[in-house]
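A.B. asks: Chains U and B, in that order, give the protein sequences. Letter 185 of the first sequence, counting from 1, is numbered 185 in the UniProt record's numbering, and no numbers are missing. Letter 83 of the second sequence, counting from 1, is numbered 83 in the UniProt record's numbering, and no numbers are missing.
The set of hints was computed from the structure by calculation and includes no laboratory data. There may be inaccurate statements among the hints.
Unchecked claim - Only pairs whose alpha carbons sit at most 30 Å apart, straight line, appear in this in silico DSS-like list of lysine-lysine:
1. U/LYS88 - U/LYS157
2. U/LYS157 - B/LYS4
3. U/LYS158 - B/LYS102
Said to hold, decoys possible - Where chain U lies over chain B, by a calculated footprint (3+ residues, C-beta under 8 Å):
4. 18 to 24
5. 63 to 72
As the list claims (entries may be wrong) - The calculated label-pair distances, taken between Cβ atoms and stated as ranges, are:
6. B/PRO160 - U/GLY72: 23 to 31 Å
7. U/ARG198 - B/THR216: 28 to 36 Å
8. U/ILE166 - B/TYR53: 34 to 42 Å
Even glycine gets a Cβ: it sits at the ideal position worked out from N, Cα and C.
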Amino acid sequence: MKTIDQVFATNKKIGLMTHVVAGYPDLAATADLIRLMADSGVDLVEIQIPFSDPLADGPTIMRASQHALDNGITTNDCFRLAEDMANKVDIPLLFMTYGNIPFAMGMERFMRRSAGAGIQGLIIPDLPFDEETDDHLTLAHKAGLKVIQVTSPSTNKKRLEKVCSIAEGFIYSTLKVGITGAGTDIDDQGIAFLNRIRSLTDLPIAAGFGISSPEHVEKLMGKTDMAVIGSHVINLYEKKGPQGVARFLEQCRHVGS
Amino acid sequence: MTTKAIEQRFGPYGGRYVPEMLIPALDELTEAYAGLRNDPGFQQELSDLFTTYSGRPTPLTYAANLTRRLGGCKIYLKMEGLNHTGAHKITNALGQGLVARKMGKTRLIAETGAGQHGVATATVAAKLGMACTVFMGQVDIQRQYPNVYAMRLLGAEVVPVTFGTRTLKDAVNAALKHWIEHLDDTHYLIGSALGPAPYPAMVRDFQSVIGREVKTQIMEAEGRLPDSLVACVGGGSNSIGLFAPFVDEPSVRCFGTEAGGTGPKPGENAARFGENPQIGIVQGYKSYFLQNDDGQVQETHSISAGLDYAGIGPELAQLHDEGRIHFSSVLDSEVLEAFKILCREEGIIPALESAHAVARAMQLAPGLPKDHIMVINISGRGDKDIFITAKHLDETRWVEFLKSEVQDIENH
Ligand SMILES: Cc1ncc(COP(=O)(O)O)c(C=O)c1O
């Protein structure tokens, strides 16, 4: 399997990261979707472990999470899915979830099990680096996981410098101050913020929130190393099925190759 | 007013477990409040609003009949229900509303369970000339309709929350998300002593006027401090408000009463210190939450919408661990019984939330000596609960009344 660093070392114009909610619409479909994403040239996939109270999620992802939970998806199911997928695709997989999920399992155990399942990194938006969290950064390192730091255009200079100094793998920035959701425009403020991050770190940058067309991806080319697509994929899946998702991803990949 | 720094944490609890994009807004609020907390002009303005608008100080009433009936200790009632809009919630809403206006915000948003906090926020928005949006679970809109009507009269937009449990917990999620999208002009007026810092400390500070008044009033009435304090605990704002000024008085025992609902099984109650207390990180703070082994927050039940919440304020969590507050729960059925008794004995119709505290006091009082002084916080009045209590206590006549009202409307 490729590592996160290897993914960013290829000289694509812009990479693609996509998002799935484990267990939406069911586990088998999530597995098929991850494989389809890898086959369509996606570079990284973040697998969301559903949570009952997802603070940063907009209506689409929230609905998908709730559906998965209503169907009885557990954290164990997500580990099994990751393990299965890590054996079947050669792109890095990340877990995206909220702090209470690893906290409930015990940080150390969660980190070890994630790494054991072939997960390479974690995105946990409600665990800021400076909060007391049973030392999740150290425990993640010990397990060999990268904790991806999330920033947004409202992050001030001092905090951004700090985030950049502890970040690893890549920095994930939202393009707007808001919750996830498809269909917003990529505005100058978002782009200006990417430039600010760029001036502070040599780490690669991924940008997301609102990306829903190949044009959006094109607009980000040269500004960011990777575009992140979440809600739009779920919407497409619901309206046009896996084939619709595949077609869209190929169009996006075309922009970057 | 205290000059201590605003607490970010309470022992291991509290904190700011929020997406990075909310941190600047919390910093801004912390800074603004830190300045205003020690600003005599601000405190005077708030204090004037308390006395000329919301009706403070609220009375401390000796409950002679209840005392006689229970045959134990001497019982006093702190009458928070006599506040404007009917509950302690207005105190915090006025405080935060003023802070928000000083910060230059033009909109207030709030979450509400029983609707009391929503009404309080809508009232303050009207008074201070600000716009107002209130998020309320669909289940709560059904059971607290009188307050929904009031909020709309006051000019607030009431947004039904249709996801999750469709109660208070998800109203909080909806409000937080809305806030994230409208940080520039909007203040999120959190209704209890919870959420990310600085909210738990700020709400505690505003509500502490309850306990401070009790201190003065009981000294006047009895010449000494009370021996025990009893309050209901939803998120924990009326309880921490009553307890906080007494926490450093070791002779005063504090009793927090949670919603025992219909029984001990998951989903039947909202007793976070019930069978198996679980610490978690939810809605921006670390505390005890009703959750399953995976960390998914559980459904709750209580006859009172204001206590039907899965989390509890972080300072109360710490005081629980330290053994400073004794928590236990009472059942819906015991609450209805206590509700009836307070009506009949004292001529006071309490909120169902407050009736939880009365039910707990009824268990405690008979075993206590006659010279023991107990203060029960009557956090709100029961007008808002008419659709619940009438259904349980006066079903036939209530149904007849509702039918005739509908008929009347249809005939005209
Ligand atoms: C009258 C009344 N009492 C108590 C509560 C419980 O909240 P808290 O524990 O924050 O005081 C509410 C909440 O809506 C309420 O309306």
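A.B. asks: Hint by hint, work out which the structure violates, then give me just those numbers in ascending order.
C.D. replies: 1, 5, 7, 8
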